[in-house]
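*Asks:* Residue-level listing of the chains:
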Amino acid sequence: MRIGVFVCHCGSNIAATVDCPAVAEQAKNLQDVVFTTDTMYTCSEPGQNEIIEAIKEHNLDGVVVASCSPRMHEATFRRALERAGLNRYMLEMANIREHVSWIGKDKERNTVKAFELVSIAAAKLRNNNPLFANKFDVTKRVLVIGGGVAGIQAALDCADAGYQVVMVEREQSIGGKMAKIDKTFPTVDCSSCILGPKMVDVAQHENITLYAMSEVEKIEGYVGNFDVQVRKKATYVNWDDCTGCGACMEKCPSKKNLDAFNEGISKCTAINIPFPQAIPKKAAINPEGCMMLKKGKCGVCAKVCPTKCIDFEQKDEILTEKVGAVIAATGYDMFDHSVYKQYGAGQYPDVITSLQYERLMNASGPTGGHIKRPSDGKEPKKVVFVQCVGSRDPAVGRPYCSGFCCMYTAKQAILTKDHIPDSDSYVFYMDIRSPGKGYDEFTRRAQEQYGVQYLRGRVSMIYPKGDHYVVRGADTLAGTQVEVEADLVVLAVGAESAKNAPALAEKMRISYDSYGFFMEAHPKLKPVETNTAGVYLAGSCVGPRDIPTSVGQGSAAAAKVMTLFSKDKLESDPQVSSVNASRCVGCLKCAKTCPFGAIKEVTDRGGNVKAEVIETVCQGCGICTVTCPQGAIQLQHFTDNQILAEVNALCQAQLDF
Amino acid sequence: MSGSTGLLTEGQDLRIVGFLCNWCSYGGADTAGVARFEQPTDLRVIRVPCSGRIDPLFIARALLSGADGVLVSGCHPRDCHYAEGNFYARRRLEMLKQFLSVTGIDPERFHYTWVSASEGQRWQDVVTSFTERIRKLGPAPKMSGGTGYDEECLKEIAAAVSLGEQCPCHKEKA
Amino acid sequence: MQALAELKDQIRKALPELDVVIGWQQGYDALHTRPLFIRSEEDIDKLVVNEFCVVNPSSYLREMRGGKKVGLVLKGCDSRSVIQLIQEELLNKDDLTIFGFGCNGVLNHAKLQARFGDIGYIESAESDGNTVNLVVAGNKETAPFAELCAEKCLTCSYPNTLQCSHFAGEESDKKAEAAQDKALEEFEQLSMEERFAFWQDQMRRCIRCYACRNACPMCVCKDHCLANSRQPKWLSEDVDVQNNFMFQMIHVMHLTGRCVECGECERACPMDIPIMLLRRKMAGIVRDVFAYNAGTNAEDTSPLMRFEVEEPTIEERH
Amino acid sequence: MKANPVLPDMATVMEVVEETSNIKTFRVRFDDEDVMNKFTFEPGQVGQLSVFGSGESTFVINSSPTRMDYLQFSVMLVGEVTERIHQLKAGDSVGVRAPLGNAFPTEEMKGQDVTFIGGGIGMAPLRTLLVYMLDNRDDYGKITLLYGARSPQDLSYQEDIAEWIGRDDIDVVLTVDNPDEEWGKNPHEKVGLIPNVLKEINPDNSGYAVTCGPPIMIKFTLMALNELGFKDDKIITTLEKRMKCGVGLCGRCNIGDKYVCVDGPVFKYSELQELPNEL
Amino acid sequence: MACKFISNEDTNKWLEALAKDHVVFVPVEDGGSVTFRPFAEGRKPVLDRMPVRSPKEAVFPQTETLLTYKYEKDPENPERTAVSIKETLPRERAVVFGARPCGTRGMSVFDKVFDNDRIRDPYYATRRENTLYITLACDKVESTCFCHEVGSGPADTTCSDVLLTPVQGGFAAEAVTERGGKMLEASFFADGGDKCAEAEAVKKATREMLGEAHDYSDAPEKLMAAFDDDEFWEEQAAGCINCGACTYLCPTCYCFNITDEPTGTTGKRVRTWDTCMSFQYTLEGSGHNPRTVKASRLKNRVNHKFAYIPDTYDKHIGCCGCGRCIKSCPASVDIRAIVKAAQARSVKKESK
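Chains as they are written, first to last, in full-length UniProt numbering: chain A, 1 to 657; chain B, 1 to 174; chain C, 1 to 318; chain D, 1 to 279; chain E, 1 to 352.
These are computed hints drawn from the structure, not numbers from a lab.
Ideal Cβ placement from N, Cα and C applies to all residues, glycine included.
Check the hints yourself; a few may be wrong.
In silico lysine-lysine, DSSO-like type, Cα no more than 30 Å apart, as pairs [said to hold, decoys possible]:
no. : chain 1 : residue 1 : chain 2 : residue 2
1   : C       : 111       : E       : 140
2   : D       : 268       : E       : 315
3   : A       : 372       : A       : 382
4   : C       : 140       : E       : 140
5   : E       : 112       : D       : 241
6   : A       : 341       : A       : 177
A few chain C positions that, by computed beta-carbon distances, are all more than 10 Å from chain A [to be verified]:
no. : residue
7   : 29
8   : 43
9   : 175
10  : 297
11  : 304
Please work from the sequences and hints to get the whole structure.
*Replies:* Structure, rendered in structure tokens:
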């Protein structure tokens with residue numbers, strides 16, 4: 001091998017505390033080093049040209065650059081090598097700036113250290129091999145999981161860009177939480193008025209295929225080439241023919257079923273369309289309530305259906321789709337406040353959740369927008385809002401802030417005053433978190449303009465007294481215990497990860513935190529990417545998000561997908577693991593520890609089990625290399641021999657000749 | 001095999017080998033550099049993609065070959081670039097850490113920790129305190145000697161060879 | 001011996017369904033047994049079960065992957081290795097038939113040798129479980145069993161074969177009260193320097209014959225051990241203290257959370273190097289940190305093959 | 001015999017020829033001119049090539065003793081040592097221990113027809129004998145070469161082949177498994193497995209057949225030669241074994257009580273049949 | 001041969017005297033086992049037990065440096081690198097004291113292979129020339145002893161320079177070679193007197209303890225006849241775990257590996273004991289391996305000792321009968337039984 005060593009002065013950044021010419025001179029003695037030099041700015045145009053010329057002139061097949069951090073300029077120098085016709089992986093860098101010149105003033109010791117870092121780099125380089133990227137096709141279709149506002153936005157952006165979109169929605173209609181909300185903060189405009197048109201766009205867009213009442217069963221493959229199985233749950237209604245006329249709902253005798261869309265504050269029929277603006281507007285039978293499905297008697301809906309689309313024999317259906325990218329926008333669920341025994345454990349009819357309250361206020365809700373107590377239908381005059389129910393409370397395993405409760409509580413308090421002008425509202429809060437455009441002004445308006453009384457303190461107990469409730473809590477500002485009598489108590493429940501989110505994460509081979517929220521590839525710099533290439537995130541599946549953030553992330557994820565799809569072929573990073581089949585004993589421990597599912601079991605010609613790396617899925621972490629007891633699976637560019645060469649260069653005693 | 005030590009000049013710096021993951025700790029060390037946080041010069045860093053790539057045996061190899069200390073750092077648990085690498089690393093490294101004592105290699109010579117890319121200050125603290133610790137411990141005892149001809153034997157050989165041709169019974173045959 | 005007769009009976013009944021049954025037979029002298037591979041009826045009578053049945057028959061399983069129906073006569077300690085291999089999916093439990101019995105412990109040749117001179121001079125030895133009666137160069141000798149038995153028997157928690165398909169004779173009650181490890185405790189009284197010097201001296205004696213590795217039932221890499229590889233090259237061919245010790249490190253690390261402490265490595269060592277100290281230490285750490293006992297639960301997962309996001313038993317390292 | 005049979009002589013790489021994607025030919029000269037001048041060997045003998053720090057590997061000396069400008073070794077990339085050898089460039093130092101082993105029975109073959117059948121890297125030992133015979137052309141009868149490889153790009157010694165095709169005192173037939181578009185335009189370019197093409201050529205069975213190549217090819221070529229009526233003691237092949245010392249000490253290349261490194265690598269088929277079955 | 005006497009006390013003094021100008025390998029207690037180590041202050045020879053390791057290591061150490069090399073850059077032009085190599089012939093003078101006759105006899109195989117008309121290995125030959133063997137005749141036998149069956153015996157003098165026989169109060173000493181005779185001129189030796197007769201009686205008694213000798217003379221032929229009987233070899237090898245204990249402890253096993261061990265720009269080429277029981281031993285670069293299964297590897301070891309060496313070297317059995325391979329085998333594989341089985345196998349086949 002013929003190695004060239006380039007020691008950069010970085011102006012005086014390195015040269016001030018490292019004797020660069022001495023490092024270059026000493027490096028001449030290293031094995032296989034045939035050329036060394038020191039340059040003022042190696043990364044500059046002339047500096048790079050010097051490398052290129054030296055490669056050609058001295059017939060180099062490997063280069064060590066001693067300069068700044070590889071995190072800074074590795075890509076730069078790799079390109080320089082390529083321009084000179086060398087493989088980009090025949091470069092090693094010695095970080096003599098951040099790790100040497102900038103952290104020590106002793107020039108003599110710095111110089112020794114710099115030389116030794118060059119030695120390590122050269123020792124590793126002697127074990128480097130040219131690596132080549134594989135090219136593969138991209139299926140330019142995207143799967144969007146979840147039809148909430150984030151998913152809708154992502155789907156519409158991708159579809160508008162001309163890509164096919166497959167949207168999978170677990171519920172009967174898309175729209176998500178936003179569809180249930182009455183008004184949005186801080187503008188207090190009608191939620192369904194702004195969401196509705198987008199939902200219609202989804203239904204009508206020629207590039208979008210929507211599967212409602214469906215869930216992702218399985219995802220296999222890798223970026224650009226995912227095979228997705230979708231389970232389309234039985235609705236007992238042939239949706240191709242259903243017109244959403246609602247005739248069935250009118251005649252259905254089973255009318256006491258849980259109305260999930262209305263958060264359980266009202267009942268609905270067994271065959272149902274959840275709300276008038278539902279997309280798709282199709283009826284579905286709840287098998288738990290349907291007399292025909294339970295007892296084989298009834299069938300009224302089938303009789304009244306004008307298109308004869310009722311099918312009691314319908315079964316779940318598995319569909320397969322090929323996509324190149326996945327956007328997960330599975331949203332969140334509401335915290336179940338029944339764990340709070342002191343708040344009545346969900347047993348008091350007039351202690352309700354904030355989302356139930358939204359349905360009470362909503363004109364399309366069960367009360368037609370009139371606020372009525374669930375217990376007796378009376379209009380409440382005193383409404384107490386309790387914040388941080390299931391937020392910022394380690395005792396219930398929810399130490400995080402759900403972020404948006406402060407805002408919606410203020411909104412609900414304001415709306416309460418709008419609906420019932422002679423009412424009084426009280427809010428128990430811990431802190432008011434209102435960062436955002438117009439947010440703080442909004443909470444202030446609730447207090448100052450609408451006279452909502454904010455009490456800073458936790459509520460310790462709610463108990464019924466006569467036909468109303470006593471809310472006992474602390475007022476930490478006044479330093480007293482307070483008791484407020486309420487006709488209705490609204491618990492501002494926090495957000496938690498969607499049910500089954502961990503299971504879905506495992507299907508997508510992405511990670512999730514201990515609360516079940518999906519992990520982004522980097523919380524700051526890669527907020528919508530995951531560690532699995534081709535899988536992106538949007539909205540509250542990552543953590544509680546308000547509407548504008550969710551919409552923004554939907555667009556961001558769509559933009560990532562479009563970037564991915566802008567290429568006809570993808571290149572896989574060759575710094576991935578590779579199995580030496582002749583050493584592999586097929587124990588498959590590597591496959592068991594791979595976080596990405598990048599290792600599969602194969603059988604060789606002799607019938608022996610071997611491990612094989614799916615190069616496009618492998619992310620190059622090297623966990624497998626450590627797991628493999630035979631050292632048969634090696635992470636390219638960071639092989640055992642490469643790292644051992646570095647260790648030996650540092651520690652091994654040199655034999656006297 | 002006696003011979004000069006590896007690269008590190010004896011007497012001056014100690015041989016401290018660092019294994020740093022590319023995404024967090026190597027970045028943290030860079031951050032410390034950018035901020036000009038002064039550190040002892042003894043540490044030599046080997047960059048690996050992930051702490052999950054660090055085979056405890058690399059550390060064993062370094063310590064057996066004569067390293068005075070080994071410092072490993074990765075992303076904080078939960079912040080692994082590869083999601084799970086440092087979770088595996090934590091278990092593997094902890095096992096080694098606790099095991100070392102039985103081999104007679106002072107476990108204090110090995111330390112593993114977590115430093116994020118933003119924690120330049122912390123990196124400085126980690127390097128400084130670890131280097132101080134190793135300085136206190138001094139150079140590590142070295143493994144030497146082969147089978148058969150052991151240390152004692154080598155001395156004997158030297159003595160015998162110095163006698164050379166004086167050896168009475170060999171003169172005959174020569 | 002009741003158990004032996006029952007074992008033979010059970011094997012005889014099961015043999016038609018099996019390709020081979022591995023057990024022990026008398027070796028070249030009174031103190032040695034050797035593995036027995038029963039393939040036909042007439043082999044069954046060669047079976048012996050006594051305090052010299054030191055070999056762990058499951059070490060031979062690695063050669064038998066691939067659908068062979070294998071029967072094994074196993075001591076309690078031996079059976080743990082099979083359970084661990086099943087857990088690692090290296091064996092198919094349906095291919096195995098385990099014949100179990102209650103073990104009263106086995107004798108240790110190195111201890112016999114240390115006490116009575118060369119093992120080759122001991123003509124016979126018999127144990128009733130409490131005392132051992134020997135003939136050494138024509139003279140009769142006796143000694144307490146506990147002083148001559150394998151170290152593992154002193155700390156044995158599993159004298160009866162685990163997860164066996166057939167159990168012969170009575171269960172053994174030779175369970176050690178507390179699994180305290182006196183030898184290790186004693187060793188850990190030494191200073192770091194003394195320990196280092198100890199291993200330096202022991203590793204000087206190692207001849208790198210790899211008997212420890214090849215006798216280990218958990219070494220499943222077969223012919224592809226890292227130690228014999230040049231790509232990757234972890235070890236030099238130099239047989240010296242550093243490389244010899246490095247091999248022990250490799251073995252211990254690869255056995256972390258897998259070692260069933262059967263002691264075969266140390267027993268196989270022709271130089272009698274006490275390498276089980278290292279393995280017992282590691283097994284102890286695994287027990288302390290992960291509350292995991294290798295080879296006792298085939299449904300479990302070895303600690304290094306999994307993780308917890310929060311590790312309450314691992315001190316956070318700052 | 002040299003004083004120290006395991007001590008190599010220092011030599012320098014003069015030239016490197018890239019034969020195929022994984023075969024390179026190295027031409028080396030001893031550094032000590034005296035050693036170079038005194039060096040002799042016979043066709044078929046092998047040498048150990050050292051790259052210090054990686055080790056030694058055995059290769060046949062595929063130049064001919066009739067042309068002593070340099071020693072030539074062809075090296076296929078298979079492992080650690082060959083990887084380092086492939087990194088050698090002109091001017092680099094190597095160690096050479098040669099000659100080792102036995103040679104082709106060039107005396108006994110005089111006056112006879114000789115058919116060469118080579119496959120892949122197995123052409124190397126044939127090349128030395130072939131060049132030797134061409135340089136002593138009058139001593140031998142009709143010479144036929146059948147050389148096969150996977151594809152046209154996998155044929156080594158292109159320069160030599162071009163020369164041989166041009167001569168009228170040797171018949172050359174080349175065959176490949178995977179032809180390209182250019183292949184087959186000349187009559188000596190065939191497609192198919194070596195044993196099949198051999199039967200097609202049907203050489204005169206009274207002479208010698210020398211064959212070398214991968215084990216599976218040898219197996220079927222020997223069968224074909226038998227079928228064609230060649231006598232067992234006139235079929236010659238070379239064996240390959242893992243070797244270390246090359247001088248019959250280290251033990252590993254034995255087949256029964258014979259050592260491939262001293263009793264081989266050249267064996268007659270009749271001799272092979274005498275050996276225990278452990279190839 | 002003249003017979004002399006040395007008292008136990010003087011033996012120690014003699015060793016001290018020898019150790020002044022030799023490396024004197026004596027059997028000592030070494031962590032529970034007995035091995036040969038250089039005689040030094042505080043190391044007490046153990047002469048009533050057979051050493052675990054064989055005396056071959058004095059002349060054929062487990063790791064022998066064949067040469068060292070160094071890559072050196074031209075200070076003017078780093079493109080030019082010179083490699084220099086240095087032959088590292090051993091220079092030690094040594095005495096092996098207290099090896100058993102069987103172990104010493106092991107050298108006879110080495111002598112034939114490493115130093116003959118065809119080839120002379122200078123590393124071995126130099127050490128052999130510079131090493132004296134003072135061998136100790138046996139007065140006890142072990143269950144694994146079978147020296148008498150392979151042409152040796154408890155008082156075999158093959159390859160020894162001096163033979164000591166334990167007698168009351170010391171040793172009867174006989175010179176076997178001329179240089180051995182020189183050694184016995186040392187002042188520690190008295191005339192043998194009636195100790196000589198005592199020694200002869202000890203030798204005779206020990207030989208009698210061994211009993212009748214099995215005849216291995218047709219083993220080469222019978223083993224070769226069994227060569228292709230895979231079932232036979234699989235059965236014999238079933239218990240073998242393919243470690244190298246037998247070969248490394250064997251006084252006659254001489255197979256080795258040669259590898260380069262680099263340390264930066266310098267390094268060495270070493271010769272290390274290798275074992276034919278290992279898979280790597282015959283693994284070829286192409287991945288082909290003529291001995292993939294342990295049965296074929298065990299077959300090679302047995303055949304080498306009982307067929308190939310006798311066939312090549314005038315019926316000299318390549319086994320010295322010390323029994324180390326049996327005694328130290330983790331699975332108690334018994335080479336005697338295997339050869340006997342091969343002999344019996346043929347009988348069975350022929351009788352059919």
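*Asks:* All hints are to be evaluated individually against the structure, with a verdict given for each.
*Replies:* Hint check results:
1. C:111 with E:140: holds, 21 Å
2. D:268 with E:315: Given that 30 Å is the threshold and the Cα spacing comes to 27 Å, the pair holds.
3. A:372 with A:382: Distance of about 12 Å is within 30 Å: holds.
4. C:140 with E:140: holds, 17 Å
5. E:112 with D:241: holds, 23 Å
6. A:341 with A:177: holds, 26 Å
7. 29: It holds; residue 29 (chain C) is separated from chain A by about 36 Å at its closest Cβ, greater than 10 Å.
8. 43: holds, 29 Å
9. 175: Holds, since 32 Å exceeds 10 Å.
10. 297: Label holds. Min Cβ-Cβ 17 Å, cutoff 10 Å.
11. 304: Given a closest Cβ separation of 8 Å, the condition is violated.
Of the numbered hints listed earlier, the single one contradicted by the structure is hint 11.
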